[in-house]
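Given chain A, work out where chain B should sit, using these hints.
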Amino acid sequence: MNVFITGASGGLGRAIAAECASRGYKLFLTDINEEGLHSLQTGLERQYGACVTTRACDITKDESVDEMLALIDASGIRFDMLFNIAGIDYEGSFLERECRSVVKIVSLNVEATLRITHAILSRRRENGAFSLVFVSSLASLYPMPLKATYAASKRFLTDFAEALRQELKSKNVKVLTLCPGGLPTTEEAISGIAAQGFWGSVTTNRLEQVAFETVEKVQKRAGLYIPGAANRTLSFLGKFLPRSVIAAIIYKRWSGAQEKWLCTESK
Amino acid sequence: MKTVVITGATSGIGLATARKFVGKGYNVIGIGHSETNCDRAKEKILSDYPEAKIIYFVANLMQLSEVKRVADELEKYITANCNGEIYALINNVGGVRSWYQTTAEGYEQQFALNHLASFMLTYRLLPYIEMALGRVIMTCSNSHKGIKMHWEDIMLKDGYNPLTAYKQSKLCNILFAEALNERYSNNGIRAYAVDPGLVNTDIGNKQTGGVVNLIWSLRKKHGVLPEIPAETYVHLCEQKTAPKGLYYYLCRERKFSREVTEENANRLFDLSEKLCGIKYRDLVVEL
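So the sequences go chain by chain: A and B. Read in order, the letters of the first sequence correspond to residues 1 to 267 in the working numbering. Read in order, the letters of the second sequence correspond to residues 1001 to 1287 in the working numbering.
Isolated chain A, as found in the complex (with noise of 0.2 Å):
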């Protein structure tokens, strides 16, 4: 089984490949972070003994895609699975945020998350099944005041991999959207989940065990994947709501949480 992983270096992606490196896959991980990259491939060599293959990529950008599909045709790989994981946010209002930095959440999010999903599946192992993952976010069920970007980036993300599993259902591919809610990752996002108190802790998911159920799941079936009983309620009940009162609920949560995370930020 050849694995492609984006964002490997990151907090879900490293939990990722080390669920797919227990399993005996062998992986190809990119990430922007090349020191990174490095720490982990030793990691997963001296823990798994697993088959590791890096290359920093910035996948915002075609040349730099371009060069790493270079090195893959040299090689001749052809793969079985991709995780895209690789994706961004920025915290602040859409007004507060650097125009830069609000455009790169798209450019990552979404453009980037095309290009290597068109450049992996037009190397896909041939007669074989192909399993396609999107990391999406349960905040692409609603519109996010806050967080609006974000939100509209894993939107189109949850959308384009429903109607491409449509497209590819005959082509043997299983596609999987994972939709989770808060995943502590990092020290930030620890401190973020805390901020938002008691839902804060009822939407954060367990990074091993969406590690696990996304690599199972993608192989038995796709669709939709959210994580959390919680958070299966919350995305059911939002379907009966307009998305205009969703909208405004959400903003005010935030709002507070948001000043409460900044403040103990500034401590």
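Worth double-checking, as some hints may not be accurate.
To be verified - Okay, the calculated beta carbon distance ranges per label pair:
id, chain 1, residue 1, chain 2, residue 2, range
1, A, GLU126, B, LYS1279, 29 to 37 Å
2, A, GLU111, B, THR1036, 36 to 44 Å
3, A, ARG23, B, THR1261, 30 to 38 Å
4, A, GLU91, B, GLY1025, 24 to 32 Å
5, B, THR1164, A, ASP58, 38 to 46 Å
6, B, GLU1035, A, MET1, 39 to 47 Å
7, A, GLU126, B, GLU1035, 29 to 37 Å
Stated by the list, open to error - Partial selection, computed: residues in chain B whose CB lies under 10 Å from chain A:
id, residue
8, GLN1101
9, ASP1153
10, TYR1160
11, GLN1207
12, THR1208
13, CYS1276
14, GLY1277
Just so you know, these hints were derived from the structure itself, not from any lab. Ideal Cβ placement from N, Cα and C applies to all residues, glycine included.
Here is chain B on its own, set in the frame of chain A:
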């Protein structure tokens, strides 16, 4: 003047221990993970002991790359300022994580910080400890009892629980001390594990959340001051002939878990060498 290296020396047990050693006239080298905390700890100690020989190095020991970097710095410093000798290395750094989180290598953070960091640092500093026929002391915990090593899933990827991860990492500490004694006690180096008891520190409130944070906030109120366990570390270093025990609580030997066997100690030692990409060498000089 004898040199002591203490990790996690900016707060809690590490800080209290650093202060005790300074008071006894030792040269103290502390390691802390933020510059601010290191400066603050140094100031505190200097305000009590203006003549203190105390220096701090900054390193996030959870990451192996950081252990290597700070070890490089320590080597230079110890060669230039401490006659190339370390009399005692106190592997005290430790933490709790509410969730499964990993280091850059993809290693579970409690295992990496509470055990691998000590394993790696001891490896790097061993030549200097050997020069002083010194001692290595781990901050262990009585919670190492009642748990077995999860050999098949050491990082607890298949079922993480903060307390299980903590207990296992503390079992690792005492197994590591046992393994060091098996390898190097004939060379004049001794290793110990100290049970500090329940101590009022912030260990369960750093980088944790929700339940762990809450439980620890309630529990730590029943803990003793960190100055109490600090005595045990000083006691173990002040004895002229190295004490023969392995596990100490309030300056006295204590019974340890039945899981502390030569087999387990060697198994952990081999695994840790593999995970750190190192090989402890045999020491030449036998006593």
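Problem set entry | Satisfaction of the hinted span 30 to 38 Å by the C-beta atoms belonging to A:ARG23 and B:THR1261 | 31 Å, holds
For this session: Starting from the range 36 to 44 Å, see whether the pair A:GLU111 and B:THR1036 falls in it by beta-carbon distance.
Result: 40 Å, holds
Exercise. Any CB of chain A closer than 10 Å to the CB of B:THR1208?
Worked result: 8 Å, holds
Exercise. Would the stated hint for B:ASP1153 survive a check requiring a Cβ distance to chain A of less than 10 Å?
Worked result: 9 Å, holds
Exercise. Honestly, do A:GLU126 and B:LYS1279 meet the 29 to 37 Å range at C-beta?
Worked result: At roughly 44 Å between Cβ atoms, B:LYS1279 and A:GLU126 fall outside 29 to 37 Å, so the hint is violated.
Exercise. A:GLU91 and B:GLY1025, beta-carbon distance inside 24 to 32 Å?
Worked result: At roughly 50 Å between Cβ atoms, B:GLY1025 and A:GLU91 fall outside 24 to 32 Å, so the hint is violated.
Exercise. Does the hinted range 38 to 46 Å hold for B:THR1164 and A:ASP58 at CB?
Worked result: With Cβ atoms ~39 Å apart, the hint holds.
Exercise. Minimum Cβ distance from B:GLY1277 to chain A below 10 Å?
Worked result: At 6 Å from the nearest chain A Cβ, B:GLY1277 passes the 10 Å test, so the hint holds.
Exercise. Do the numbers back the hint for B:GLN1101, that is, is its least Cβ distance to chain A under 10 Å?
Worked result: At about 6 Å, which falls below the 10 Å cut-off, the nearest Cβ of chain A leaves the hint on B:GLN1101 intact, so it holds.
Exercise. How about B:GLN1207: closest beta carbon in chain A under 10 Å, or not?
Worked result: 6 Å, holds
Problem set entry | chain A contact restraint on B:CYS1276 - CB to CB distance below 10 Å | 8 Å, holds
Problem set entry | When the least beta-carbon distance from B:TYR1160 to chain A is tested against 10 Å, hint result | 5 Å, holds
Of the numbered hints given earlier, the model fails hints 1, 4 and 7; all others are met.
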